[in-house]
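Visitor: Since chain B is already given, all that's left is putting chain H on it; use the hints.
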Amino acid sequence: MDLLSRIKTRAPEYDSKYYDFILKFTIEQGSTMGRTTETEKYELGRYFSTRYEMYMYAVLLGLRKDYQIPIERGTDKKKFIEIGSWKPEEITNYIIMAVLAKGEYDLFAMEELNEAELEKKLTHIKSDIEAYANGGFDIIYSKAQEDENYFIENENSFLDLLDN
Amino acid sequence: MILTKAQLKNFMCYYDENVFEFSEGINVVIGDNGYGKSKLFDAIYWVMYDRCFDTSADEFKTTKQLNDKLISDRAVHETEQGNVNCSVSLTFYDSRKENTYTIERSLSATKNEDKVTYGNTSTERVTERKGVLSAQIIDDKDKVERLKKRILPDNIKPYMWFQGEQIDNIIDFKESETLTRAINVLSDISRFDEISSITDSLVTSVENELKKKQRSLSKDKNKSDELEAEIKKKKSLLNNYKSDLQQAKKGKKIAEERSEELLSKIDIAQEIRDLDSERKKLEKDFNKTVLELDNLRESLNKRLFTRGWVLKGVSGLFKGFEEKYKKYNDSKLELKRKLQTEKRIQEKLQTRLPINVPEPIYVQKMLEKEQCLVCDREAEKGSEAYKAIESLIDDSSEERKRLESEFKERFDFSSSLESLYRNGLRQEGRISDIDDDINDTLKRIDELTQTKNELKRDLDDINNQVKNYIADSSINVEDAKKIANELQASQSMTSRFSTDIGSYEGRIESLNTEIRSLESKYGKLVVGDLPTHLLKKVDISQHLNQAAQSTRNRVFQELIERLEEEANKHYQNMTQDNMSARGIIKLREYDGNYTPELIDNSGNQLSQINMGNILLIKLATIMAIISARQNTRDTQLYTLISDAPMSVFGEDYTIGFCKTVSQVYRQSIIMSKDFYKNDKLRNQLLNSEEINLGNVYMIEPNLPEEERESRHKLATEIRSLN
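Residue numbers (the numbering used here), protein chains in the order written: chain B, 1 to 164; chain H, 1001 to 1722.
Looking at chain B on its own, in the form it has when it is part of the complex (with noise of 0.2 Å):
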């Protein structure tokens, strides 16, 4: 399996405390709401299909402003689905590019690993997506706690916190 199959074979996880803020502005996937259409999803202020959609965009946003927050050792933590269902794909591609490109990874050097040591390395690797994630939510979060009504006036929102 080559690299880039190997990390979307990883299903990144999300401090659990932000759970009920995601749903907020997504509709669980695979419930009935999930089924609803696009005027009843806008009229219910929901803004993303699915929660990877928004986990992307927290990744970007981390990544964007260069700012991760690593999970803390002990935290309660809820899954997502592996990174290889993400679409669009060509969005997740580059996320695991940038990820790449920000971190400490010599990837002249990762080929010479054994097996140990790569399964580690692809480990460190879904941590970073996980920090810069736990970073955009955490930009996310502060902004609706700054306004609380910047999410529900504004239906750009999440335009606009793109150009901040």
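Be aware that one or more of the hints could be misleading.
Within a straight-line C-alpha distance of at most 16 Å, the following computed EDC-like cross-link-like pairs (lysine to aspartate or glutamate) qualify [stated by the list, open to error]:
id: 1; chain 1: H; residue 1: Lys1280; chain 2: H; residue 2: Glu1478
id: 2; chain 1: H; residue 1: Lys1233; chain 2: H; residue 2: Asp1529
id: 3; chain 1: H; residue 1: Lys1524; chain 2: H; residue 2: Asp1220
id: 4; chain 1: H; residue 1: Lys1327; chain 2: B; residue 2: Asp138
id: 5; chain 1: B; residue 1: Lys102; chain 2: H; residue 2: Glu1519
id: 6; chain 1: H; residue 1: Lys1143; chain 2: H; residue 2: Asp1114
id: 7; chain 1: H; residue 1: Lys1673; chain 2: H; residue 2: Glu1278
id: 8; chain 1: H; residue 1: Lys1009; chain 2: H; residue 2: Glu1717
id: 9; chain 1: H; residue 1: Lys1618; chain 2: H; residue 2: Asp1643
id: 10; chain 1: H; residue 1: Lys1713; chain 2: H; residue 2: Glu1700
id: 11; chain 1: H; residue 1: Lys1319; chain 2: B; residue 2: Asp66
id: 12; chain 1: B; residue 1: Lys77; chain 2: B; residue 2: Asp15
id: 13; chain 1: H; residue 1: Lys1537; chain 2: H; residue 2: Glu1322
id: 14; chain 1: H; residue 1: Lys1312; chain 2: B; residue 2: Asp66
id: 15; chain 1: B; residue 1: Lys79; chain 2: B; residue 2: Asp20
id: 16; chain 1: H; residue 1: Lys1212; chain 2: H; residue 2: Glu1226
id: 17; chain 1: H; residue 1: Lys1312; chain 2: B; residue 2: Asp160
id: 18; chain 1: B; residue 1: Lys102; chain 2: H; residue 2: Glu1322
id: 19; chain 1: H; residue 1: Lys1332; chain 2: H; residue 2: Glu1418
id: 20; chain 1: H; residue 1: Lys1332; chain 2: B; residue 2: Asp160
id: 21; chain 1: H; residue 1: Lys1302; chain 2: B; residue 2: Glu155
id: 22; chain 1: H; residue 1: Lys1312; chain 2: B; residue 2: Asp106
id: 23; chain 1: H; residue 1: Lys1521; chain 2: H; residue 2: Glu1230
id: 24; chain 1: H; residue 1: Lys1443; chain 2: B; residue 2: Glu111
id: 25; chain 1: H; residue 1: Lys1326; chain 2: B; residue 2: Asp106
id: 26; chain 1: H; residue 1: Lys1467; chain 2: H; residue 2: Glu1454
id: 27; chain 1: H; residue 1: Lys1456; chain 2: H; residue 2: Glu1278
id: 28; chain 1: H; residue 1: Lys1327; chain 2: B; residue 2: Asp106
id: 29; chain 1: H; residue 1: Lys1332; chain 2: B; residue 2: Glu111
id: 30; chain 1: H; residue 1: Lys1219; chain 2: H; residue 2: Asp1529
id: 31; chain 1: H; residue 1: Lys1336; chain 2: B; residue 2: Glu111
id: 32; chain 1: H; residue 1: Lys1005; chain 2: H; residue 2: Glu1145
id: 33; chain 1: B; residue 1: Lys143; chain 2: B; residue 2: Glu112
id: 34; chain 1: B; residue 1: Lys102; chain 2: B; residue 2: Asp66
id: 35; chain 1: H; residue 1: Lys1336; chain 2: B; residue 2: Glu112
id: 36; chain 1: H; residue 1: Lys1327; chain 2: B; residue 2: Glu111
id: 37; chain 1: H; residue 1: Lys1302; chain 2: B; residue 2: Asp106
id: 38; chain 1: H; residue 1: Lys1312; chain 2: B; residue 2: Glu90
id: 39; chain 1: H; residue 1: Lys1332; chain 2: B; residue 2: Asp106
id: 40; chain 1: H; residue 1: Lys1219; chain 2: H; residue 2: Glu1519
It is worth saying that the hints were derived from the structure and are not from the lab. Since we're looking at a predicted model, the values are computed, not measured.
Guide: Then chain H, alone, in the frame of chain B:
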């Protein structure tokens, strides 16, 4: 007598105790639709006559028929157990005798847990108070009835106490009976009708007497009998045709009026149809715009991923990867290069064998044979010669082995990294366009929003135009579509009736001719002379009959003119503040019916009268019926009580109407919604020096509109404004 007070307790929407005090002049009770104005009228009527007018059924209904509707729902709801009473009392003051009369009517219901039983009969209690003495109950039913007739005589009741919905029944210019009834109130014309009827009977009787005499003198009695029977039959047929002719003329009149009415509306109808068509188109465009706008706004967040907007501003990340990837590729190439260099060294070493030295496979054979096939010498295993041959095959140097081993044992991430690189490169191309893409989308949203607002404005404009046309012309959109067809049908009916009229007139003429011919034959059968006195009797009775009829018609016409004159006084008074041409009322007679027209000073008819004008004319006529009664002081003795629909004739005439009413009647009580929202009009009413103003009240329900469905909490608040 004037009505000084009305007290309502738990009557319809008037929960608990409610009091209205009235004085001379025009008393006005102001409230919006559904606030209780008509219920106040119902209360007053109910006390006097134990019934109320049901507008939906267009008839009066008794207490028994109305019982549960009369008692306040809230009063019933708040009573847990026991009796619930509703009552209305009216206090009248007779200034001539200085007596006060109170008529109270009450009705009760019994509540047992959730079951409510309403009474079917109301109770009446009438008291009389003379001067300052205590009130005494009037038990005598006849005395009570006389009192009520003194309060309001039956013959003028319809013209003094009426609701707006009843006006068309009171005065319908198309129905001669309503005008005849009105004329009879104005002046008793029934005596002339009686005389006319008597002379008709006299003529019939005398003619029968003549016939009898003619028969007795007939030379052929059988023939006379035959002729008489024939004449009778034809006269009966003649009467039928005359009746049919009357109906046809009436029908034609109605159809012609309808055609005229429709003709006047056809242009407006066309206008409304065109506007409606334009409106439909605008609505379609509006809906299309709204749909596109909503779809765009809804998909805005979706575009974070479908159009890659989520990568906005992240291009620096690719650069970082690009550098790493280059470094990786360089390292990979370096390794490959090293490997290839070693390989080439080995290959070079191998070139010390002469050109025709066998390939390694032959070298292998030499080793197997332990013989050098180049120089054909023995090369025993382990010998120098053998080792020399062996060294030719063993072309892997230590370095190369190490490199190869290194190369073979490495993971190869090149395809993944290349894939990531290519993807990053592609996204870079998109990222530079993201801002423009977002801006274009937001710009499109703004454009659509602007278009939507413009279309909405245009739609509102057109809706208002249509609404105004409909309000002015009373034609709604559906009517407008039908008007052309209706006009055609009306004109067709007019034509049909004209044909029928022609046919009936022809038949009537033929029958008359036949009857004359038969009568002539009948006369010729008479032998000898008819008694002179009998002939004279016939002549005189016929003349008397003509005189009676023409007198009756003349008196009726004079009364119509009197009514017209009086109605005009009121009409001019009501409309004098309006700058546009008002005209003079003229009641034109067509085959026994009267049509109101508005004419100018030269007698020319003004353009088509609208609903507002007709209503004003009717109200002026109703007032004239009472005020024109000679030798009476009805307007001073009796109170006008009405919820005239003043909004139909417009703001300009409302004050004029109030002014006229206050001047004509000593006391009037008018219920109106027109002053409710219109502050300017209300101030005019309260401050006009020309209006003899009584008490003015504002009534409002105690609940906001959305809660009024539940009548369990409904009460009415009464506020005096002056």
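Visitor: Hint by hint, say whether it matches the structure.
Guide: Quick rundown of the hints versus the structure:
1. H/Lys1280 with H/Glu1478: The given pair, whose Cα atoms are some 14 Å apart, holds under the 16 Å limit.
2. H/Lys1233 with H/Asp1529: 27 Å, violated
3. H/Lys1524 with H/Asp1220: 10 Å, holds
4. H/Lys1327 with B/Asp138: 34 Å, violated
5. B/Lys102 with H/Glu1519: Violated: B/Lys102 and H/Glu1519 sit about 130 Å apart, past 16 Å.
6. H/Lys1143 with H/Asp1114: 41 Å, violated
7. H/Lys1673 with H/Glu1278: At roughly 34 Å apart (the allowed maximum being 16 Å), H/Glu1278 and H/Lys1673 break the hint.
8. H/Lys1009 with H/Glu1717: Given that 16 Å is the threshold and the Cα spacing comes to 13 Å, the pair holds.
9. H/Lys1618 with H/Asp1643: Holds, because 14 Å separates the two Cα atoms, which is no more than 16 Å.
10. H/Lys1713 with H/Glu1700: 14 Å, holds
11. H/Lys1319 with B/Asp66: With a Cα-Cα distance of about 15 Å, the restraint between H/Lys1319 and B/Asp66 holds, given a limit of 16 Å.
12. B/Lys77 with B/Asp15: 5 Å, holds
13. H/Lys1537 with H/Glu1322: 136 Å, violated
14. H/Lys1312 with B/Asp66: 15 Å, holds
15. B/Lys79 with B/Asp20: Holds: B/Lys79 and B/Asp20 sit about 14 Å apart, inside 16 Å.
16. H/Lys1212 with H/Glu1226: 14 Å, holds
17. H/Lys1312 with B/Asp160: 10 Å, holds
18. B/Lys102 with H/Glu1322: Cα-Cα ~11 Å, so holds.
19. H/Lys1332 with H/Glu1418: Given pair H/Lys1332, H/Glu1418 holds - Cα atoms ~13 Å apart, limit 16 Å.
20. H/Lys1332 with B/Asp160: Not OK: H/Lys1332 and B/Asp160 at ~42 Å, beyond 16 Å, violated.
21. H/Lys1302 with B/Glu155: 12 Å, holds
22. H/Lys1312 with B/Asp106: Violated - the C-alpha atoms of B/Asp106 and H/Lys1312 are around 27 Å apart, more than 16 Å.
23. H/Lys1521 with H/Glu1230: With a Cα-Cα distance of about 12 Å, the restraint between H/Lys1521 and H/Glu1230 holds, given a limit of 16 Å.
24. H/Lys1443 with B/Glu111: 49 Å, violated
25. H/Lys1326 with B/Asp106: OK: H/Lys1326 and B/Asp106 at ~12 Å, within 16 Å.
26. H/Lys1467 with H/Glu1454: 20 Å, violated
27. H/Lys1456 with H/Glu1278: 13 Å, holds
28. H/Lys1327 with B/Asp106: Holds. H/Lys1327 to B/Asp106 sits at ~9 Å (cutoff 16 Å).
29. H/Lys1332 with B/Glu111: 10 Å, holds
30. H/Lys1219 with H/Asp1529: 13 Å, holds
31. H/Lys1336 with B/Glu111: 14 Å, holds
32. H/Lys1005 with H/Glu1145: Since the Cα atoms of H/Lys1005 and H/Glu1145 sit roughly 20 Å apart, the hinted pair is violated (cutoff 16 Å).
33. B/Lys143 with B/Glu112: Violated. B/Lys143 to B/Glu112 sits at ~44 Å, over the 16 Å cutoff.
34. B/Lys102 with B/Asp66: Since the Cα atoms of B/Lys102 and B/Asp66 sit roughly 9 Å apart, the hinted pair holds (cutoff 16 Å).
35. H/Lys1336 with B/Glu112: 15 Å, holds
36. H/Lys1327 with B/Glu111: 13 Å, holds
37. H/Lys1302 with B/Asp106: 35 Å, violated
38. H/Lys1312 with B/Glu90: Roughly 14 Å between the alpha carbons, so the hint for H/Lys1312 and B/Glu90 holds.
39. H/Lys1332 with B/Asp106: Within the cut-off at roughly 12 Å; holds.
40. H/Lys1219 with H/Glu1519: 15 Å, holds
Of the numbered hints given earlier, the model fails hints 2, 4, 5, 6, 7, 13, 20, 22, 24, 26, 32, 33 and 37; all others are met.
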